[in-house]
Each structure stands twice: as structure tokens, then as C-alpha cells.
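Protein sequences appear in the order of chains A and B. Using my numbering, read the first sequence as starting at 1 and increasing by one per residue. Using my numbering, read the second sequence as starting at 1 and increasing by one per residue.
Hints in this document: simulated from the structure, not taken from any laboratory. Be aware that one or more of the hints could be misleading.
Pairs involving identical chains hold if they fit within one copy or between any two copies, as the list cannot separate such chains.
Claimed, not checked - With a straight-line cut-off of 27 angstroms between C-alpha atoms, the simulated DSSO-like cross-links for lysine-lysine are:
1. Lys266 - Lys277
2. Lys127 - Lys273
3. Lys208 - Lys236
4. Lys273 - Lys64
5. Lys236 - Lys273
Number of protein chains: 2
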Amino acid sequence: MSNFADLPSMLAFHACYVSFQQLQAIHTYFGSLENALNSSPSDWQNRELLSAKQVNDLLSDECKIRVDEALEWAEKDNQAWLPIGSTSFPQPLKEITDPPILLGVRGNVELLSDPQVAIVGSRHASKQGMETAKDFARFLSQQGLGITSGLALGIDTAAHQGGLQGMGKTVAVVATGLDRIYPASNQGLGHQIVEEGVMISEFVLGTKPLNYNFPKRNRIISGLSLGTLVVEAALKSGSLITARTALEQGREVFAVPGSIHNPQAKGCHQLIKQGAKLVESGQDVLEELSANLQYRLDLQTTQELPGLVTQPNNQSKSALLNSIGYEPTSLDELVVLTKQPVSSLQGELMLLELAGEIEAMSAARWRRIK
Amino acid sequence: MSNFADLPSMLAFHACYVSFQQLQAIHTYFGSLENALNSSPSDWQNRELLSAKQVNDLLSDECKIRVDEALEWAEKDNQAWLPIGSTSFPQPLKEITDPPILLGVRGNVELLSDPQVAIVGSRHASKQGMETAKDFARFLSQQGLGITSGLALGIDTAAHQGGLQGMGKTVAVVATGLDRIYPASNQGLGHQIVEEGVMISEFVLGTKPLNYNFPKRNRIISGLSLGTLVVEAALKSGSLITARTALEQGREVFAVPGSIHNPQAKGCHQLIKQGAKLVESGQDVLEELSANLQYRLDLQTTQELPGLVTQPNNQSKSALLNSIGYEPTSLDELVVLTKQPVSSLQGELMLLELAGEIEAMSAARWRRIK
Chain A
1 MSNFADLPSM
11 LAFHACYVSF
21 QQLQAIHTYF
31 GSLENALNSS
41 PSDWQNRELL
51 SAKQVNDLLS
61 DECKIRVDEA
71 LEWAEKDNQA
81 WLPIGSTSFP
91 QPLKEITDPP
101 ILLGVRGNVE
111 LLSDPQVAIV
121 GSRHASKQGM
131 ETAKDFARFL
141 SQQGLGITSG
151 LALGIDTAAH
161 QGGLQGMGKT
171 VAVVATGLDR
181 IYPASNQGLG
191 HQIVEEGVMI
201 SEFVLGTKPL
211 NYNFPKRNRI
221 ISGLSLGTLV
231 VEAALKSGSL
241 ITARTALEQG
251 REVFAVPGSI
261 HNPQAKGCHQ
271 LIKQGAKLVE
281 SGQDVLEELS
291 ANLQYRLDLQ
301 TTQELPGLVT
311 QPNNQSKSAL
321 LNSIGYEPTS
331 LDELVVLTKQ
341 PVSSLQGELM
351 LLELAGEIEA
361 MSAARWRRIK
Chain B
1 MSNFADLPSM
11 LAFHACYVSF
21 QQLQAIHTYF
31 GSLENALNSS
41 PSDWQNRELL
51 SAKQVNDLLS
61 DECKIRVDEA
71 LEWAEKDNQA
81 WLPIGSTSFP
91 QPLKEITDPP
101 ILLGVRGNVE
111 LLSDPQVAIV
121 GSRHASKQGM
131 ETAKDFARFL
141 SQQGLGITSG
151 LALGIDTAAH
161 QGGLQGMGKT
171 VAVVATGLDR
181 IYPASNQGLG
191 HQIVEEGVMI
201 SEFVLGTKPL
211 NYNFPKRNRI
221 ISGLSLGTLV
231 VEAALKSGSL
241 ITARTALEQG
251 REVFAVPGSI
261 HNPQAKGCHQ
271 LIKQGAKLVE
281 SGQDVLEELS
291 ANLQYRLDLQ
301 TTQELPGLVT
311 QPNNQSKSAL
321 LNSIGYEPTS
331 LDELVVLTKQ
341 PVSSLQGELM
351 LLELAGEIEA
361 MSAARWRRIK
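The following block holds chain A by itself, in its conformation from the complex (with noise of 0.2 angstroms):
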């Protein structure tokens, strides 16, 4: 997927929609992405890689005016695009069969590579489903893991401000272009999220709140988690639709049930039917979760320490664990005594922690309790 790392020509293709079906057909049948960007209009013809307008918008100054103006974009702190080929899009995202070929990010993108959760539900969320939505969010940040969701009102928002308030922080996937907000009452939400947390988009600049591109960006959140759990949803909500592509991706559900008689509990009632997992607080989603995290946890050791494939896991859990004293231990200065980034660290620390271990501190400190 190297070839998928090549910025301009990715921004090129991005700014024609063209999905990652159709990159990879276009990329087998041109060899490289620059042949196929260099190519004249004839030799797309009668291909069917594209359709001819897409065709034609791909060879036009246009496309390349447009390329020009998202380069300068990504000059700002804070501002980048990440074409799928990049080491830095998010691993798990990759593994979707519609992945997005290029994602847009306002902040702090490494917090992309941590582990994360999607929290989603109703825009008209009762206020105990925001505090609901808003608890579990802090519980799961503070063990480090992301908090993802849709910058919606409701449920979304609590769930960001819950995720910002923990070490994880949180993730905004929105459907617009990253050089607006929406909906605009959440202003002052989206720009702390680029601040202390990060903000992204597949969309290309520009683009304005349209209906159909939101169950589109529904599946980037399942896509970027390791489970989607569901607070408050009435039967038609599109958080269900979140929940689906979760489980078409092979991730984790989870509802809140509540009582028989609100109307929205409705929807995590009808998911608990259909398999999805009954959570009651944030230490049911850390227990559901701790399997696939030992797995995105090896995968990660594997990448990123390639010397230790052939080392148990278990040998760096222990070095982690000796580096925790019975004293609170600062995650800052677990890094130095590990030499391990904070991705992988972050996990197995909830790993410990689960296996009542060590016991999570305020301000991201543990210690041992064994």
C-alpha cells in the first residue's frame, strides 16, 4: 500500500471520490498512481475505473488548483492529510472493506493510533443518557482509551466532553470538511476537540452538512474502534446504523439498556436482542474488550518493535509492571523507563489493570497493588 502514501496524487484522486475499490483497479491497471495520473484521457477510456466525469475532473487544472489548496491547508499546526498508505492511518480502519482512501485531521494525530471506543446515540438524548453517555466516556479515557464519536448533539457531545476529560481524549469524525463545524452549536466543542483532541474528515474542504454523507461517516467511527457502544437511540436512529457497520467490520457492540417505557431505549434494546452486549457501566466495556486489545496490542508490538516478534508479550507486560512502583507512577515516566510509546503502553496498562495488578491514579499515575 506504499504507493497509497504518495500526498498529491492521493489528494488528487481524493478530490474526484474516487473510493478505494477504485484506486486499487486503477493502481493494478496503471501500475503506480502516477502513470494513471499521468495518463491521457484515452487511456481511461472504455476501462470503466472511473466514471467520465470523474475521468475528466481527474485530468483537469481544476483538480490540480484543488491539490494545490489542500497542500496549503495541511501548512497550518495541526492540519494534515493522511492517504491511506501513510504508517500513521489508523490500523484498524485499514481493515474495513470501504476504508476512506484519505482522511483529513485538525489536532493532535497521534492520539489516532491509540485504542478507541465509539460512543454514539440520539441527538435528543434525556439528560440522564448524557450523563450516562459522559460517564462512560471519562471511565474509558481515563484508562486510555480514545473516546470516537460524531460531533452530533446529544449523546455525541457528551460523550467528547467525557473523553476530553480523561487521558484518552477523543476523536470527532465528521461529515463535513474540516474548515467548518457543524452543527454550529458546537462550536466551542469542535475547536477544544482540535485543541486537546483531534478532529477528522474524509471529506474534502468545502463540504457542506449533506444528509447522505452522514451514514457514510458512521462507518469511519465504527471503523476506528474496537467496539461501538450505543447509550440512547430510538428505533430509527442512525447510531444503528453506526452499530451495524460495527458489527459488519467484526467489532464489538454494546447498549445501555433503560426502562421499557423511554422511547429512547428502544434502539439499545432492540441491539441487545440482536447480540449485542448489555454494559452497565465502563468496567463491562474494559472486560468485553480486553481479548481484542491483547490482540491490536501484539499486532502493535510487532509493527512497531519488530526485534521483539519472536519475544513472548508477556516479557514486556512484566517489564511494565516492574517499572510501576507501589508509590503512584506517572505514565511520563513510564515511557523513559520502558522506552515503550504511549500507543502500546496505554493498553497494557489497562491490561494490568484488568488482571488487578496495578490500580489507575488520578492525572494518568498507577501503582501496584500486588
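For chain A, the structure is supplied; the task is to place chain B on it using the hints.
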């Protein structure tokens, strides 16, 4: 099991707390219950069929007096003993591993043969929980299912009340002798159940409410029922025992979800996590039970109408459907038209309703809708 139908013999063993397993061993050893009762103490020695105290009690004059008292009790209207070998002893209860050898009955013994659903839950239920229990019970009873519960305060009380409002009525399984009603505050409800429904107990007359008898009683509540529905239950609730015995007996377990902030919902949520079906309405319960109900009906048809054994069940169902008009038809009319017993009709009516062929009306009437 026909030998287990002889009432005076069975009452003697019942008076001495002989279990079903013990009774089977005794029957195997002595060839008949009568032989056993006519044997001398030396015949029982070193056989480990019963404890020394049980043998002593069984062969005492005191035992004969207790049998006579029990027989006298059953001479009163609406009072009876059902030994396990009786054809009226409810079939589902015969199938559990440790059935009672004898049931005392006050009220309408025929209700025991109808398909039943247990509805149980907390004694400290919320007002909303009580209403939910009553709603489920009323709906399921209107569909012809008997509502089985334990006459306790809280959810049990609401379940019985709802059951009495429908055609299926209610079955109270109590943990005392049938000559007393416990708790005292349910005297009125108890008497109403004896008048309109049925109250049963496996315990000898005079048995006071004893802590260790309540869990024993719970196996009968679940054992009589196709499934057990838990409406509200805290984590240490006795209704979780009933749910567990239901699972052990291969019956369905249903639970009503609630807010994660309601301690009385935690037991239900635990059950759902362990595999119980989340239900939001009586209709949900009915749909889950329909396969099981079909099995019971097939069994009943085989037993009650031997001539029909080789006839497909579809035929009797379409005979029933033909008897139902587009104008409401009453249960009494259907009994006359189909020459089938009420207990078999009720189940078939339910299946026709689930299949969308007929619609239940008020006052135990149905009409075709196709």
C-alpha cells in the same frame, strides 16, 4: 408411574418428606408402594432407602393419622391432592429432575394443565415495576397463558393480579401448608386466587413459612412454566434462583431491562448478560415461547386424543381456524365446534394469533383477520 397415583400411599410418603428420588428407589426395591408400606422395620434396615427417622415416621401410627387428616382436608370443595402419578399432575413439572411427589391444590385444578409463564421479581419493587409486571401478566393471561408466581409481596402480587384479569388466570405456588396464607397482607389476594385461579403447595398441612423452603418452592414455579420472566430484581434477589432453576430445567428465561441507575434492574441485567432474553412486552415473550408452545401442544394432542396421533397438527389447527368467524367467536363456542379441550384450544389460538390469522378480542373471543 401409575403406581405413584395411589393417594393414601402417596400421602404417607409425603407426610415423611420422601423425595422423588427416594420414592423411585423404594418402588424399585419393594416392587410397589403398598409392599413398602406393609413391610416391617427390619425389611428397611441397612437399605439406605430412607433415613432411620423417615422409616420410623413412615411406619408409625402418627403417619396414618396424618394421612387421614389429609384425606379429610381434600373432601372439602375445591381442595385436592395430586400425586405425581395422577394424569392431572402438570406434565412440565413431571419433567424436572426433582419434582414434588405430591401437590396440594386449592382452587381450579384444571388451570394447572394450561400452558403457563412464571412472572417473578423483587418484593421491594418500584411502582413502575409493579405496573410492568401487571401489564405483562394481563396481556399473557388474555392470550390464554396461566401466570405462575409465588404470592410474595411486590412483583409476585402484581403478576397474580394481572393474571386474574385474563382468561389464563393465575397459579400461586406457596412455600407453606395450604391451610395458611403467607404473607398475611396477601390474605385477600390468596382467597381470590383460590376462588378464581389455583393455589398449590408441595408442603404438608401446617407447614409454616421457613426460609429454606422458599428456594425449594421456586423450582416448582419455574418447573410448571414454559418460561420465567423476571421483572425487577436486585442482585441478591430470590427471583434469580427461580431464573437459574428455569435454565437448569431447560426452560426459557426472560428479563425486563431498566435504568442502569435502578438497583432493582441489576438482577435483570445480570440475567441478560448471562443469556436471558431481553423482553419489552408480553408480545416479545409470546413470540419467544411459540416454538416451545407448539411442542407442548403436539405432546398434549398425542396424549389427549390418541386417535389423532398420526394426523398432522396442521389439520386440527385449520379445523380450529375454520370454526372462527369474521365476527367474534367465544371460547365456549369453539369448545363445542372443535370438540377439543380448553387447554389445547388456548395454545392453538395463541399460535394462530402469532401467525396473524386471528385477533384476540375482549371477553375471551377471537375473530379471523385474513
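Going down the list of hints, with the structure as the test:
| no. | hint | in the structure |
| --- | --- | --- |
| 1 | Lys266 - Lys277 | both (15 angstroms within a copy, 15 angstroms between copies) |
| 2 | Lys127 - Lys273 | both (25 angstroms within a copy, 26 angstroms between copies) |
| 3 | Lys208 - Lys236 | within (23 angstroms within a copy, 53 angstroms between copies) |
| 4 | Lys273 - Lys64 | neither (51 angstroms within a copy, 55 angstroms between copies) |
| 5 | Lys236 - Lys273 | both (16 angstroms within a copy, 25 angstroms between copies) |
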